[in-house]
Amino acid sequence: MNTTHYPSAHIFQSPETHTLSVVVDNEPGVLARVVGLFSGRGYNIESLTVSETEHEKHLSRITIVTTGTPMVIEQIKNQLDRLVPVHRVVDLTVSGKVLARELALIKVKGKGEARVEALRLGDAFRARVVDATTESFVFEITGKSDKIDEFVGLMGPLGLVEYSRTGVAAISRGPEAS
Amino acid sequence: MSRQMTGAEMVIAALQDQGVEVLFGYPGGSVLPIYDEIFKQEKIRHVLVRHEQGAVHAAEGYARSTGKVGAVLVTSGPGATNAVTGLTDALLDSIPLVCITGQVPTHLIGNDAFQECDTVGITRPCTKHNWLVKRIEDLPRILHEAFHVAKSGRPGPVVIDIPKDVQFATGTYHGPKNIQHKTYRPKVKGDMDAIRHAVQMIGKAHRPIFYTGGGVINSGPHASQLLRELVKTTGFPITSTLMGLGAYPGNDEQFLGMLGMHGTLEANMAMHESDLIVCVGARFDDRITGRLDAFAPHAKKIHIDIDPSSINKIIKVDVPIVGDVGHVLEDMIRVWKQTQPTIDKAALQKWWDKIAVWRGRKCLAYRASDEIIKPQYAIQRLREAVKGKDVYFTTEVGQHQMWAAQFLKFDEPNRWMTSGGLGTMGYGIPAAVGVQMAHPNSLVIDIAGEASVMMTMQEISTAVQYRLPIKIFILNNHYMGMVRQWQELLHGGRYSESYSEALPDFVKLAEAMGGVGIRCEKPSELDAAIAEMIAVKKPVIFDCVVDPAENCFPMIPSGKAHNEMLFGEAVENIGDVIDEKGKMLV
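Line by line, the protein sequences are chains E and R.
Here the first sequence is numbered in this note's numbering, starting from 147 and rising by one per residue.
Here the second sequence is numbered in this note's numbering, starting from 2 and rising by one per residue.
No wet-lab data here; the hints were simulated from the structure.
Check the hints yourself; a few may be wrong.
Computed footprint of chain R on chain E, listed as stretches where at least three residues anywhere in the stretch have a Cβ under 8 Å from a Cβ of chain R [said to hold, decoys possible]:
no. : segment
1   : 176-183
2   : 215-224
3   : 230-240
Cβ pair distances, simulated, as ranges [unchecked claim]:
no. : chain 1 : residue 1 : chain 2 : residue 2 : range
4   : R       : R368      : E       : T213      : 48 to 56 Å
5   : R       : R186      : E       : S185      : 26 to 34 Å
6   : R       : D319      : E       : T215      : 13 to 21 Å
7   : E       : H204      : R       : P342      : 47 to 55 Å
8   : R       : I180      : E       : S185      : 26 to 34 Å
9   : E       : V275      : R       : D319      : 52 to 60 Å
10  : R       : A348      : E       : V240      : 36 to 44 Å
11  : E       : G320      : R       : D37       : 20 to 28 Å
12  : R       : F115      : E       : G182      : 39 to 47 Å
13  : E       : E198      : R       : G493      : 53 to 61 Å
14  : E       : R272      : R       : D294      : 21 to 29 Å
15  : E       : E162      : R       : P342      : 34 to 42 Å
In this text, a Cβ means the ideal position worked out from N, Cα and C, and glycines have one as well.
If we strip away everything but chain E, and leave its shape as in the complex, we get (with noise of 0.2 Å):
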């Protein structure tokens, strides 16, 4: 039985993921905030994505992918809309139509069978060569996470030294505005 006097296991809620789109005016340190916020209130962080999007207005667009409990999703969107510099958050898993990409550029290192083999698959995942030495190749593929996860695993036993992943970028599907 709980006993304890402290939010978090009074209802059970299994976690979800949620994908975030949090558009915040590009002024120093309002990424600190956001970061602060999941730190200081123990949310996660899977996956974090921000850059400028619109210079004019001096706007940025974080992506976030977190998860918790559906109380606790509600309570992350909560406290980053009361933030000063936030001007929306929108949850793009709620909305249902998210439209979410990542780009990874992928360091493999063969000779021989094993070469040939990562450019076959390379081609199959529709990744591109970037980088060629006679003894590797940096590939640059994009796509949903998981396609990612796949290929970085196949990567592995074929010489796989070392990869830099960008995080999801997501937007809504639709004419609308998300």
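Guided by the hints, dock chain R onto chain E, whose structure is given.
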């Protein structure tokens, strides 16, 4: 109207334009240009505190007792870091403050310069918002924006960090007119459908209760009036959090007293057994709810709060209404008058009969003594002595604070200043300084504990300097009383580090600092001593030596629900009442 002036002049101009009359601060290298401007003007009174934490608490006391924004000015580095406790305190209790901090010149930022610290970085999580002003062009806008952010929506502290070169730079100042914030637009009007639904539910309730908090006070005296009207119209019982005391008259028949960990039996039982809780400007804090899975198991909940993030944070509610308490109550009363719901009078009478039984147990009763002063008795006598007087109370944190909340009765809002959310020992003296600055002719009393007082007692010197006749009423039990109580109840009576072995002679201390000291050790001498304290027109330290073993009851132990309270007589079998998991909590 725009004029050319330096950054430092802009600060003073903006403070004046925003109606600031008192500024609490402490000078230092990085704010000297602003202090120079303070010297040249007479509209704003500067109060020199003895420590920056005191400046922020004083501004809090000022803000809470007036409803205005409190203003603070401190220097860079240690000035800013010393202010952090006060800022956090104001954030947790939603107190509007504007704190201006000096910063090293822009070209030195990041160089570990003398008295440099990352002020905006440090204060980001303990303010509602903060700004580092790097360009003189931004300064006037930010100064006015800061006041707007601090006082609107859910109020809170803000910090403006101004590098010294920006204070010296010249630019164009403009007044506070037409400041429209790009992103920040708090919602004050509640959703009408939700309000109609809420009124309907109120009309149908059989065992209802109003649960009110600091949001009512923050909404202004008008909100307290509306609350009284609604409570009277419905005939429902009402309870209040620590922060909300005074919004509803403490002596009224319908008021059940404070609820929560040290709340009354009738308030907590009524919450537990209710079928409708109308939460007005409170936030279901853990000191209120006790065990969450046993919190008000039969009740539907209506929650009025200006901060959407307070809704469903801890307790899932049935009807959330986001808006300012004053606006929402006004709409509720209007809808009530239009729809004229018929309350089930018989059911309500049954509910009041039940409450009468709980009340009949007199949960605040304590064993009186004519040998030693009981702390509860001291507060009761103090209450009697100030009856009918224009009086403000501040407190420190601990047992004395809870006794004050239980035994003082407030008829008006803004008369009770206490550190609720953060629980900051040392809050009371500087807060009293701030209150007395705002109300020079009123009686201002800090109900204190001897341990809390030691944390900020240097501010007595401030009170002496500005001839502020604050009264520091110490319930001296030689212990950090609440720590001792928990050690007695939960840790086998092992009083680890909670006894004060070397207390000062408070009478001599008062005299050394330029005030008046009074000591009282006998119940029979208490009334005369209190009368003397009130009569003195100087700062007073009243050393009221009380029973060191007294515990603060009733009490909901850790990990227990509202209907599992402890009382003074039930102390012996405490071991069975708190389980292992409960001991983990504070």
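Hint check for R/P342 and E/E162 - Cβ pair distance inside 34 to 42 Å: 39 Å, holds
Beta-carbon spacing of E/V275 to R/D319 - inside the hinted bounds 52 to 60 Å or not: 59 Å, holds
Whether the CB-CB distance between E/E198 and R/G493 falls inside 53 to 61 Å: Holds: the Cβ-Cβ distance is about 60 Å, inside 53 to 61 Å.
Coverage of the segment 230-240 of chain E by chain R, judged on three or more residues with CB within 8 Å: Three-residue rule met by the segment 230-240 of chain E, so holds; n is 4.
8 Å C-beta test of the segment 215-224 of chain E against chain R, three or more residues: Held - the segment 215-224 of chain E has 4 residues with a Cβ nearer than 8 Å to chain R, which meets the minimum of three.
CB-CB spacing for R/P342 and E/H204 relative to the 47 to 55 Å hint: 50 Å, holds
Outcome for the supplied range 39 to 47 Å, where the beta carbon pair is R/F115 and E/G182: At roughly 27 Å between Cβ atoms, E/G182 and R/F115 fall outside 39 to 47 Å, so the hint is violated.
Outcome for the supplied range 20 to 28 Å, where the beta carbon pair is E/G320 and R/D37: Distance hint for E/G320, R/D37 is violated at roughly 59 Å.
Assertion that chain R covers the segment 176-183 of chain E - criterion: three or more residues, beta-carbon distance below 8 Å: holds (count 3)
Cβ separation of R/R186 and E/S185, checked against the hinted range 26 to 34 Å: 27 Å, holds
Cβ distance range 48 to 56 Å for R/R368 and E/T213, holds or violated: Holds, since R/R368 and E/T213 (Cβ atoms, about 54 Å apart) stay within the stated range.
Outcome for the supplied range 21 to 29 Å, where the beta carbon pair is E/R272 and R/D294: With Cβ atoms ~51 Å apart, the hint is violated.
Violated hints, in rising order: 11, 12, 14; the structure is consistent with all others.
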